[in-house]
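**Q** So the chains spell out like this:
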Amino acid sequence: MKSLSTPYNSAHHKFAVFTACSTFVLIIAGALVTSNDAGLSVPDWPTSFGSIYKIPHLVGGVKFEHTHRMIAQFVGLLTIIIAIWTWRTERRRWMKYLGIAALGTVIAQGILGGLTVLFYLPPPISSAHAALAQTFFCIAVCIALFTGPRWVEEVPRVEADAGKPSLITLTLLSIFVLYVQLIVGAMFRHHGMSWWPHVVNAPMVAVVLTWTSIRALFLYSRIEAIRRPAVIMLALLIAQLCLGFLAFVTRVAWGHDAVQPELPMVISTVAHVAVGALLLATAVVLAIQVWRHVPIAFEESIPVRSRDPVTA
Amino acid sequence: MGHNTYKKGDVMTTKKWAAMRGLLSFLALALLLGCSKKENTSEEQATSPAKEAKTASAPIDPATAATVSGTVTFGGAVPKPQKIDMSQDQACKGNNVSETIVADSGKLANVFVYVKDGLGDRTFDVPKEPVTLDQKGCQYHPHVLGVMTGQNIEIKNDDPTTHNIHPTPKDNREWNESQPPKAAALEKSFAREEIMLPVKCNQHPWMKMYMSVVKSPFFAVTGADGKYEIKGLPPGDYTLAFVQEKLGAQEQKVTLAAKDSKTVDIAFKQ
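Keeping their order, the protein sequence lines are chains A and B. One point on numbering: in my numbering, the residue at position 125 of the first sequence is 125, and numbering is uninterrupted. One point on numbering: in my numbering, the residue at position 193 of the second sequence is 193, and numbering is uninterrupted.
Just chain A, same shape as in the assembly (with noise of 0.2 Å):
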């Protein structure tokens, strides 16, 4: 990555942070769809009620669906504006396709979206559709990470990584166990799975994650691209636990027989899914930050006639 090779561009990363921003906004209200039983309450697409403009009637489970339908339709809209942006003005080649990956990555998830009303909530393609938009998130935070002044006119301070597992392999493994319990977790919310795999993969999520977070900040803490997500993670990831904990209890535990979605059951699993977003684009951050930073050293096996000096 020519790091250096682009004029940072004030206008076009704050829209990048906008977009990114947004994007979490249309995480939340798609967990409100689905934390309220609400997904199906309009039942066409890609029309709502018939109407491709008209905003019905606002009430019940059609305020959250709705209301879920506009802000995608917005982030659509942003996302076809950066991707075009991004193509124009960037020099750097890597970045016009990663907007371009943006967009059809958003193309998808509409149409994931409409899949699941129009098949009505089937378990996999509901599932996909919770995997794929923060897969987007993190694309989106991404974008906004790259048009940033600190990447793009920061010379990164390098420093070569000889342990092992190595740190690059440890935030990889983050970010591999993270999906692994988003799609269980999606799963289990869409009534295609028992909670108890989500629930059994927590552990194993705290134990990588932690790993990952404390080796970055023991080794790597003068390095503030890393020491920052490493922190973030961290925190986040404990707060993610305790929510998880709280969601299982006010759902699960409480909330079996419930006769609607009550408030508890809604906020827990809402900020769940939430914070769970931002540990997913904190991990990504991390690993993009740990590839830039610290490489990982390898041993060069030079041939024996190669280390006799040269004499001049």
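Since the hints were made in silico from the structure, they are not lab data. Mixed in with the good hints there might be a few duds.
Result set (DSS-like, lysine-lysine): computed pairs, CA atoms no more than 25 Å apart in a straight line [what the hints assert, rightly or not]: (1) B/83 / A/63; (2) B/227 / B/259; (3) B/188 / B/156; (4) B/156 / B/182; (5) B/116 / B/128; (6) B/156 / A/63; (7) B/253 / B/116; (8) A/63 / B/93; (9) B/215 / B/253; (10) B/80 / B/208; (11) A/96 / A/14; (12) B/170 / B/116; (13) B/116 / B/227; (14) B/182 / A/63; (15) B/116 / B/231; (16) B/182 / A/54; (17) B/136 / A/63; (18) B/259 / A/63; (19) B/170 / B/182.
Keep in mind that this is a model prediction, so the values were computed, not measured.
Given the structure of chain A, go ahead and fit chain B onto it with the hints provided.
**A** Same frame as chain A, now just chain B:
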């Protein structure tokens, strides 16, 4: 050797072609059969009531018809009905308690009772009159409804708000339609037998009811007094099934002689 001479390779090619043609024909035939089978299935679903009406068994002699009736009770302390919070839609001004277990003085309402076994291959005419499902006060009336396969269900909305009716069957086709206030009644039916098929409204998540779709007219739903009555049964040995949405199902065998009037009571426990 002229044009009638074939080399070994030529013969192999011809054989391969023949095999290929055979395979393609087989695939085309399978595809055709698959498509026609699908069409038949949907046709069968659409016309099943009429077919059943044509092939209905010999009529039951009213002079020998028997009746089974009884009371369904709930043993133990009746759980306090859960309160429903209807505040998310100001147009909802209904009875704000759940109907999961309705037991007044131990008499259990909303239990679906039907003849599960004993009717053999006997078929029955589907009633021309529809059964009605009403949405009033943001609740379904009745909470449990029995209907015959292919019988029309008239779904009305008497509320000043929009509802969506969303059955979530296992064996029938799923659908989800919205119904604004004062809209014309929806006419629906189910093609296959299914007991306690859940129906819900995604706009008002507390709105739930159950439809039981059966092939015979011998079913009933217990009233507020826990009582049921099934009339017109031909003499025979039967298995009665009692199904409650939360408490599950129980079965009871009964033998009915001509003109019999038997009582079968049953108790549910939590």
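**Q** For each hint, tell me whether it holds in the structure or not.
**A** So, going through the hints one by one against the coordinates:
Among the hinted pairs, residue 83 of chain B with residue 63 of chain A is consistent with the structure: their alpha-carbon atoms are about 22 Å apart, no more than 25 Å. For the hint pairing residue 227 of chain B with residue 259 of chain B, the CA-to-CA distance comes to about 20 Å; that is within 25 Å, so the pair holds. About 11 Å separates the Cα atoms of residue 188 of chain B and residue 156 of chain B, which keeps this hinted pair within 25 Å; it holds. For the proposed pair residue 156 of chain B and residue 182 of chain B, the alpha carbon gap of about 9 Å is at most 25 Å, so the pair holds.
A hinted pair counts as satisfied when its Cα atoms are at most 25 Å apart, and residue 116 of chain B with residue 128 of chain B qualifies at roughly 23 Å. Distance hint between residue 156 of chain B and residue 63 of chain A is fulfilled; the C-alpha atoms sit about 23 Å from each other, no more than 25 Å. In summary, the hint linking residue 253 of chain B to residue 116 of chain B is supported, as the alpha carbons are separated by about 10 Å, within the 25 Å threshold. Of the supplied pair hints, the one linking residue 63 of chain A and residue 93 of chain B holds, its CA atoms being roughly 19 Å apart against a limit of 25 Å.
A threshold of 25 Å between alpha carbons decides the hint, and for residue 215 of chain B with residue 253 of chain B the separation of about 19 Å falls inside it, so the pair holds. Between the alpha carbons of residue 80 of chain B and residue 208 of chain B the distance comes to roughly 18 Å, so the proposed pair stays at or under 25 Å and holds. With a C-alpha separation of about 17 Å, the suggested pair residue 96 of chain A and residue 14 of chain A falls inside the 25 Å cut-off, and the hint holds. A threshold of 25 Å between alpha carbons decides the hint, and for residue 170 of chain B with residue 116 of chain B the separation of about 18 Å falls inside it, so the pair holds.
Only pairs whose Cα atoms come within 25 Å are accepted, and residue 116 of chain B paired with residue 227 of chain B is accepted, the gap being roughly 18 Å. Our distance criterion of 25 Å between C-alpha atoms is met by residue 182 of chain B and residue 63 of chain A, whose separation comes to about 21 Å. For the suggested pair residue 116 of chain B and residue 231 of chain B, the alpha carbons sit about 15 Å apart, so the restraint of at most 25 Å is met. Note on residue 182 of chain B and residue 54 of chain A: the hinted pairing holds, with a Cα-Cα distance of about 20 Å set against a maximum of 25 Å.
Proposed proximity of residue 136 of chain B and residue 63 of chain A is supported: the alpha carbons are some 21 Å apart, at most 25 Å. Among the hinted pairs, residue 259 of chain B with residue 63 of chain A is inconsistent with the structure: their alpha-carbon atoms are about 57 Å apart, more than 25 Å. Distance hint between residue 170 of chain B and residue 182 of chain B is unfulfilled; the C-alpha atoms sit about 31 Å from each other, more than 25 Å.
Taken one by one, the earlier hints fail for this structure at numbers 18, 19, listed in ascending order.
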